[in-house]
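Student: Next come the chains, spelled out residue by residue.
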Amino acid sequence: MAETEKITIYAMGKAYKVPAGLTIMSALEYAGYQYIRGCGCRSGYCGGCATIYRREGDYKLYTDLACQTPAEDGMYLVQLPFVPANKSIYDLDKIEPMETTLVEHYPEIVKCVSCNTCTKACPQDLDVMYFIQAAKIGDFKEVAELSFDCIQCGLCAVRCPADIAHYHVAQLARRIYGKFINEKVEQLTKRLNEIEKGVYDKELNKLMKMNKAMLEKAYKKRKIEGTK
Amino acid sequence: MEIAYYPGCTLRTSAKNFESSSIAVADHLGITFKELSQWNCCGTVYSLASDDLMKHLAPVRVLIRAQEDNKENGLDNKLVTLCSMCYNTVKMANHLVKNDEEKLDTINQFMDEEPDYEADVNVLHFLQLLDEIGIDRIKENTKKSLEVLNLACYYGCYLLRPEEASIDEEPEAPSIMERIMEAAGARTIDYPFKNECCGSYLTVTEKKYTAERTYKIISSVVNRGADAIVLSCPLCAFNLDRRQKQAKELHANMKSIPIFYFPQLLGLAFGINSNELGFNMHYVDPRPLLKEKRLIKR
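Sequence order for the protein chains is A and B.
Numbered according to my numbering, the first sequence spans residues 1 to 228.
Numbered according to my numbering, the second sequence spans residues 229 to 526.
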């Protein structure tokens, strides 16, 4: 059998030979790194594995998710386990959905110069700059819709020359939109009441006590709403 | 006639009546404002640090949207604005890159996710568009003459300065707004402060100073018999309208007068429903004056 093709990646400056065709995350694990932070669902949903990299011969810095991006020969990599971006503290029950609410909580959004660096940094290909523009004028619906697929990886905030924490701004906007503006969904209120009353506690406790084999069996036998 | 239109942030927040009345007036004259498919803040003020190109990205991005939308919609390569500050910022950024190929090139290279800006968009203010369409058209469409009103047209800074951005051939003695308001029947007064600053952003940190400017400007037009001021800048409107409160605290004898955006009054003259003209958004309520002059129903 032919030997697997090897590529060279640089983890924090140090060269490693790893097999071609792995994700950045798997390649780093192959090289001997163990993830304690900076890794979550391994499926591109949790936003936990923000990565910054540069390709050999290219001056540009790129951003992506380590679990979703193939490792390439000559990649200079660094993992970002946490983004220390500022987060406003608020009580949603006391907040008022005004045009200026988002600016009051995140005044730095008015410093946006529309350079679009955030949009270029987004691994979800969201229109980050345009939702910040919408946030400036308190258009909660637009922010909520444009940022719906945000996974809170924080790469936008890391690259922004105006030090905006886009993902936190958008989260506040979506919370306000959900609480005050968007149509109320009856089933959700009903389900939340059931949860509060403890209707599902028994079932959950049962799951918590299962071992892996029992969980697998239960998973295969599960009922999905709307299917037979 | 369709024309690309850039609203800007303030028209979606504190100057909604400026936008609604402008669109209604344009519609009435057969002009459709085609809002840009996407837009960002213009940058608010044109950055005088002309070598700090980062500060010019915002207006150039607006110009690129206009350029691309106009291509897609098969429209003349024009862009109309309402807010005086947006007008000035976009106009001056356009002037900068039209006359400096190197800077345009640097900006285009930085914005590598956008098509290159070809520096070919013609930026217009709504007043210029109205003037272009013709005084006769405004006269023809005037159902209810504004002859009962004595107006002071206020230009402030951004429609006139610097010269390259001026909407009037005579930046020191402008008359374009007077021409348009007179076409709708209004009488206009001449006064010395029409192209002086309202106090601008000092309104945030030095309320008293802005209140003094407001007092000076308003007393000047009242002494010359004006019933109201018409203008096109949301910041001037804020200062001349809202700061009348502080001005009155400093000068108890000051007479309060309403401050209008020019399309609000053109709308009345054209017989547009006053609900669309947003007379409920003012600090100094203009409705008593308009009722007294029988321009709206009692």
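Honestly, the hints are just simulated from the structure, not real lab data.
Treat the hints with care, as some may be off.
Residues of chain B placed beyond 10 Å of chain A at every Cβ, according to the derived structure [unchecked claim]: (1) D344; (2) D513; (3) L517.
The calculated label-pair distances, taken between Cβ atoms and stated as ranges, are [claimed, not checked]: (4) A:G32 with B:G302: 32 to 42 Å; (5) A:S43 with B:E330: 21 to 31 Å; (6) A:D149 with B:E341: 34 to 44 Å; (7) A:P70 with B:L303: 39 to 49 Å; (8) A:P97 with B:R526: 47 to 57 Å; (9) A:T100 with B:G302: 33 to 43 Å; (10) B:L303 with A:Q124: 28 to 38 Å.
Treat the numbers as computed from the prediction; the structure is a model and nothing was measured.
Every residue gets a Cβ at the ideal spot worked out from N, C-alpha and C, and that includes glycine.
Student: Does each hint hold? Answer for all of them.
Tutor: Hints, one by one, checked against the model:
| no. | hint | verdict |
| --- | --- | --- |
| 1 | D344 | holds, 15 Å |
| 2 | D513 | holds, 22 Å |
| 3 | L517 | holds, 28 Å |
| 4 | A:G32 with B:G302: 32 to 42 Å | violated, 60 Å |
| 5 | A:S43 with B:E330: 21 to 31 Å | violated, 47 Å |
| 6 | A:D149 with B:E341: 34 to 44 Å | violated, 19 Å |
| 7 | A:P70 with B:L303: 39 to 49 Å | holds, 43 Å |
| 8 | A:P97 with B:R526: 47 to 57 Å | violated, 36 Å |
| 9 | A:T100 with B:G302: 33 to 43 Å | holds, 39 Å |
| 10 | B:L303 with A:Q124: 28 to 38 Å | holds, 33 Å |
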